[in-house]
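**Q** Each chain, written out:
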Amino acid sequence: MSAEASAINMAARASIWLKPHRIVLILIALALVFCAAFFMRWDWLPQYWEMGLMGIWRALWILAVTCALGFALAVPLGLAQAGGPIWFSVPAKVFCTIIRGTPLLLQLWLLYYGLGSIFPQYPWIRESWLWPYLRQAWPYGVVALTFSFAGYEGEVMRGAFAGVPRGQLEAARAFGMSRWKIFQRIWLPQAFYRALPTLTGETVLQLKSTPLVATISVIDIFAVSSKVRQDTYLTYEPLLLLALIYMTITGILVFVFSRIEARIPVKIG
Amino acid sequence: MPDLATHARRRPCRRWLASNPGAKLIDVFLPASAAGIMELLSPVAPGWGGTLLVGLLHSIEIAIGATCLGLMIGTAGAFGKLYGGPVTRDLLAVYTTVVRAVPELVLILLLYYAGTDLINQVLTAIGYSRVDISGLAAGIFVLGFVQGAYSTEVIRGAILAIPQGQIEAARAYGMSPGLMLRRITVPAMLPFAIPGLANLWLIATKDTALLAVVGFFELTLATRQAAGVTKAYLLFYLAAGALYLALSLFSNLIIGRVEAWSRRGMPSVREAR
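These protein sequences, in sequence, are chains L and R. For the first sequence, counting from 1, position 173 maps to 173 in our numbering; every step adds exactly one. So the number in our numbering is just where the residue sits in the second sequence, counting from 1, plus 269.
Among the hints, erroneous ones may be present.
[As the list claims (entries may be wrong)] Chain L regions said to be covered by chain R (calculated; three or more residues, Cβ under 8 Å): (1) 15 to 24; (2) 80 to 87; (3) 112 to 126; (4) 234 to 243; (5) 246 to 259.
[What the hints assert, rightly or not] Have a look at the derived ranges for each label pair, beta carbon to beta carbon: (6) R:V391 to L:S217: 55 to 63 Å; (7) L:R179 to R:A362: 42 to 50 Å; (8) L:Y233 to R:G353: 51 to 59 Å; (9) R:G384 to L:E50: 38 to 46 Å; (10) L:P76 to R:D386: 46 to 54 Å; (11) L:I125 to R:R399: 47 to 55 Å.
Please keep in mind that the hints were generated in silico from the structure rather than gathered at the bench. Ideal Cβ positions, reconstructed from N, Cα and C, are used throughout, including at glycine.
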């Protein structure tokens, strides 16, 4: 039964791709790819692929760290806005507005050039254990991307926290749960399920923001492609390959998140 | 100025100020320059305020142009996706998927070089001499192309949200497609489309900053130049941030009005719940 069903499913899936006009379009696309492979210059690849892999790894690492830290920051931001006292909710609101109202590139340059030019003036900073990190570029990139993710996701989490039905929280209180336990067992999980669909989009947006760190001299995959362009005077090849790499990563992210979403109970609240 | 020495124990920043007699708190913001903040930000020649304002103007010009171009592409794209033939639909799906999966920065570089290169090659092929594409036109084209993909999806969703009977009724009355678009589809979809389109406008104003990377003179690049010359990095980046924020908040104000106007006659969100 299930094997039969899956066979029908496979056939249905294959027939989507095998409509006559799709076959023609796919053939045209393949022809374009072959043209690109044969008529463009790819001889620089062997020299740079190692550097490129390092760049991809670094971009993914920045993505993972900033998403995790940003989400950890977004939870208190959303909580403060959804049900916090005014001296928490107003600063959280102001933070989210400022982050969402200014370009990420400007925030990045503000941190890197602005703070970076001020820190060295203080001997106590230069002598502290943080200084070896503050002299490099990546901490500024990580902080800027984390704040950006927290700002956008904090707004989402505000809606998610506010969207959990009051009855759920009242029932938890009636069971005699402490406030922390209510938050941990009822409020946060339900809010998280609500926010999960938007989390996919936010993560993809975050991935698309990571190349900005190349402008403050962090060597990610975008910086590697810029280096290739400078070294070989090729315009299109590195950029096309770069676009392909980002598309692949986006596809993988969307696939992974759809798998995670499929495991979450659909009926909530 | 309060007595700095008494504060020195509490604030390390003050300690530095106390150890540098003659230094003021302002020097934290203006490390290399002794000039006052107002002098640096003044709009006339020695100050850089005018440069920033010109940059802001360029940013707004590009954002408006890109949004208009994006709306045109988006409307055409949405109709193509909904009512077009199978090939149109597939090509549009490729367009929206690719543009939304690739970082804007990469697209801007790709389209900027490819676009200007293509135009020049066409021109030389016809027999004209090469031209310098103005940064403004290139910026509007590039950002408009990116915005078009996003607004296609927004407008498509908004058209789908219109009760189908309204469009069928319009057809039954014998309206031509143009008249139907003007009288029925656009007014009926606006309340659904405006929140998404407003988001796109805010994204457009912020995406203009990315054009600084390809060397177009807008607010962020103006800021970078001003900061580089005067070494007052923090001051100028904060000033530019305030300008962007003011633009966003002002846009929000207008958007609220427009949204209320487009929803006139509909039950308010609170009542509908």
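**Q** Now look at each hint and say whether the structure bears it out.
**A** Now the hints, each set against the structure:
Only when three residues or more bring their CB closer than 8 Å to a CB of chain R does the claim for the stretch 15 to 24 of chain L stand; here the count is 3, and the claim holds. Judged by the Cβ-Cβ criterion of 8 Å, the stretch 80 to 87 of chain L is not covered by chain R as claimed, because only 0 of its residues qualify and three are needed. Three residues within the 8 Å Cβ limit are the bar, and the stretch 112 to 126 of chain L against chain R gives 10, so the coverage statement holds. Judged by the Cβ-Cβ criterion of 8 Å, the stretch 234 to 243 of chain L is covered by chain R as claimed, because 6 of its residues qualify and three suffice.
Taking a C-beta to C-beta cut-off of 8 Å, the stretch 246 to 259 of chain L contributes 4 residues in contact with chain R, enough for the three needed, and the coverage statement holds. Taking 55 to 63 Å as the suggested C-beta distance range, the pair V391 of chain R and S217 of chain L does not conform, at roughly 37 Å. Under the hint 42 to 50 Å, the C-beta atoms of R179 of chain L and A362 of chain R, about 48 Å apart, fit the expected range. At about 41 Å, the beta-carbon gap between Y233 of chain L and G353 of chain R misses the expected band of 51 to 59 Å.
Between G384 of chain R and E50 of chain L the CB atoms are about 32 Å apart, so this pair departs from the stated range of 38 to 46 Å. Range check, P76 of chain L to D386 of chain R: about 49 Å between beta-carbon atoms, so the 46 to 54 Å window is met. For the pair I125 of chain L and R399 of chain R, the beta carbons lie near 51 Å from each other, so the given range of 47 to 55 Å is met.
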